[in-house]
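Model the placement of chain C on the given structure of chain A, informed by the hints.
Spelled out, the chains give:
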Amino acid sequence: MDKKTLLKLQITATKVRKNIVEQVFSASSGHPGGSLSSADVFTALYFNEMNIDPTNPKKSDRDRFVLSKGHCAPGLYATLAERGYFPVSDLKGFRNINSYLQGHPSMKDVPGVDMSTGSLGQGISAAVGMAISGKIYNEDYRVYSLLGDGELEEGQVWEAMMSAAHYKLDNLMAFVDNNGLQIDGKISDIMNPDDIESKFKAFNWNVIVLEDGNDMAAIVATFEQAKACKGKPTMVILHTIKGKGVSYMEDDYGWHGKAPNQEERDLAIKELDEKLVELKGEQHG
Amino acid sequence: MAKKIATRQAYGDALAEFGIDKNIVVLDADLSKSTKTDNFKQVYPERFVNMGIAEANMMSVAAGIATTGKTVFASTFAIFAAGRACEQVRNSICYPKLNVKIGATHAGISVGEDGASHQMIEDIANMKTIPNMSVISPADAVETRAAVKAAIDYNGPVYLRLGRLGVPVIFDKDTYVFEWGKGVMISDGTDVTLIATGLMVHLAMEAATILKEDGISARVINIHTIKPIDKDIIIKACKDTGAIVTAEEHNVVNGLGSSVTDVTSQHYPIPVKMVGVEDKFGKSGKPELLLEEYGLTAINIADKAKQAIAMKK
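The listed protein sequences derive, respectively, from chains A and C.
Take the first sequence: its letter number 240 is residue 1190 in my numbering, and every next letter is one higher.
Take the second sequence: its letter number 99 is residue 118 in my numbering, and every next letter is one higher.
Just chain A, same shape as in the assembly:
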């Protein structure tokens, strides 16, 4: 990928991060940590990879995305708004009684949301269903899904893993936002799902591991690797930093499901604005 495209994606991801902070701040609730750690993969999918049309969100041959870790709705909504599915200004209504932006993704309410999720473990199964349908009816679309690492503690995830491999769903590509934290603490302390790489391999998936799961260029490179693998679904393990981009939120499970106050919001926006200035400088430099 050329430097220009990379910078453009990085700038978009930074804007997505700003909008994550703004949504959670104006709602006084929501999940910033995992949304921020996934901002890069959201951006890569919606701005570089997926065959989609924001003016026709339901077009039948579109690629699909299922946010299996549905609580990271702020990340998805920020990306969809930035991509043009709905006005960025609507994001301030997130979780508000008068807004269509539900606390967890609702396909009947939010343009661009392909599946309603929020109850962990169910989204990846729905993604498997979309991929099965694609195989039965010889459709060319691809299906993408994002899971949390804590979500892997749900047994249904492994039922889904088994079925995706059994039906050789090479039209399915999933990501794990492996930030190492869940609500109550470190995943290694609460209920350790490791070694997840070995587990996915044992479940007959093609597995790619990114040591830096917030590295935009590296994320983008996985799409072609996944397409090149025939007869197996692909899982990308993204080693990410929870709260990525907002230094005081980084790697702190306290920010899983907590909103910043005014002061904290200002600090986060200032930091992200500085990042934007830096990236734009590189763009023009």
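What the hints contain is simulated information worked out from the structure, not anything from laboratory work.
Every residue, glycine too, gets a C-beta built ideally from N, C-alpha and C.
Heads up, a few of these hints could be off.
Listed next, with one range per pair, are the computed distances between beta-carbon atoms [claimed, not checked]:
(1) CYS1179(A) - ASP40(C): 31 to 41 Å
(2) TYR173(C) - LYS1118(A): 45 to 55 Å
(3) ASP298(C) - GLU1161(A): 54 to 64 Å
(4) GLU106(C) - ASP1139(A): 19 to 29 Å
Simulated coverage check for chain A against chain C, where a stretch passes if three residues somewhere in it have a Cβ under 8 Å from a Cβ of chain C [as the list claims (entries may be wrong)]:
(5) 1075-1083
(6) 1107-1119
Away from chain C, derived, C-beta distances all over 10 Å, residues of chain A [unchecked claim]:
(7) TYR1035
(8) VAL1038
(9) GLU1228
Structure of chain C alone, referenced to chain A:
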């Protein structure tokens, strides 16, 4: 004696018949020989997907397929469909109102020898309480075929409650018309109304015959659509007969009986007695003997009818 056919058999046959619609996909969880979805698989193997022994995954997969515009039937035993996978049915299927039909067989205690672990008596309760869900409980093979067709024609989640045991064929295939959300008056009467669903319908018909011998005129109504319930036919029964007995092969807690009293208590309060499983688990045994032991009999319906009549003011 009328010919006996299990509603699960009629379900499998109907899937094979209506499966000519290329938009239909059928899923099962390793029970296709028992749920009879195998009948569909024999004709349309390319649109049959076995999901293995993983019902939770199957329900969410069904939802995913439905998002691509397909009509999906997902089958397993009622205990797993409405029990184990209840939350998947709620969140993956009903919340987004996806076009998934749950063909749940082996409902009720007439499962027989397998015993309580496999005898689902709470499924009507679990399913009818979920917004966007419709609940259909056919009385015989003819009605089951018609219900499958109606479910295909309806866009949204449907729970089809089906049985393992062969039950008498009540209706005429050539003349029967299934009306969504409408009760069916099988015979008219003036003293009491017997409102039944599923395999209890033919027993309610027997009960009416017993009551007739005692000089009591009983109306018999078949409720195939438990949700949305036919308020009009219930309110009319209240006005015309002044007493009701409900009969279902389900827990008396939150089943057909409570759907009926939801209507009577709010629109036309009259005495209602309920025949069903009295809030206890089933057990192993021959289906016919179990039905008798649990009071799911024509005699019990007739007795309850007399009690309801005695309660009239």
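Now the hints, each set against the structure:
With their beta carbons about 34 Å apart, CYS1179(A) and ASP40(C) fall inside the hinted range of 31 to 41 Å. In this structure, TYR173(C) and LYS1118(A) break the distance hint of 45 to 55 Å, their C-beta atoms being roughly 33 Å apart. Checked against the hint of 54 to 64 Å, the pair ASP298(C) and GLU1161(A) passes, with Cβ atoms roughly 57 Å apart. For the hinted restraint 19 to 29 Å between GLU106(C) and ASP1139(A), the CB-CB distance of approximately 27 Å keeps it satisfied.
With a cut-off of 8 Å between beta carbons, the region 1075-1083 of chain A has 9 residues touching chain C; three or more are needed, and the interface restraint holds. Given a C-beta distance limit of less than 8 Å, the hint that chain C covers the region 1107-1119 of chain A holds, as 6 residues qualify and 3 suffice. Every C-beta of chain C lies more than 10 Å from that of TYR1035(A), the closest at about 17 Å, which supports listing it as non-interface. The Cβ of VAL1038(A) lies farther than 10 Å from every Cβ of chain C, with a closest approach of about 25 Å, so its non-interface assignment holds.
Look at GLU1228(A): its CB is around 40 Å from the nearest CB on chain C, clear of 10 Å, so calling it non-interface holds up.
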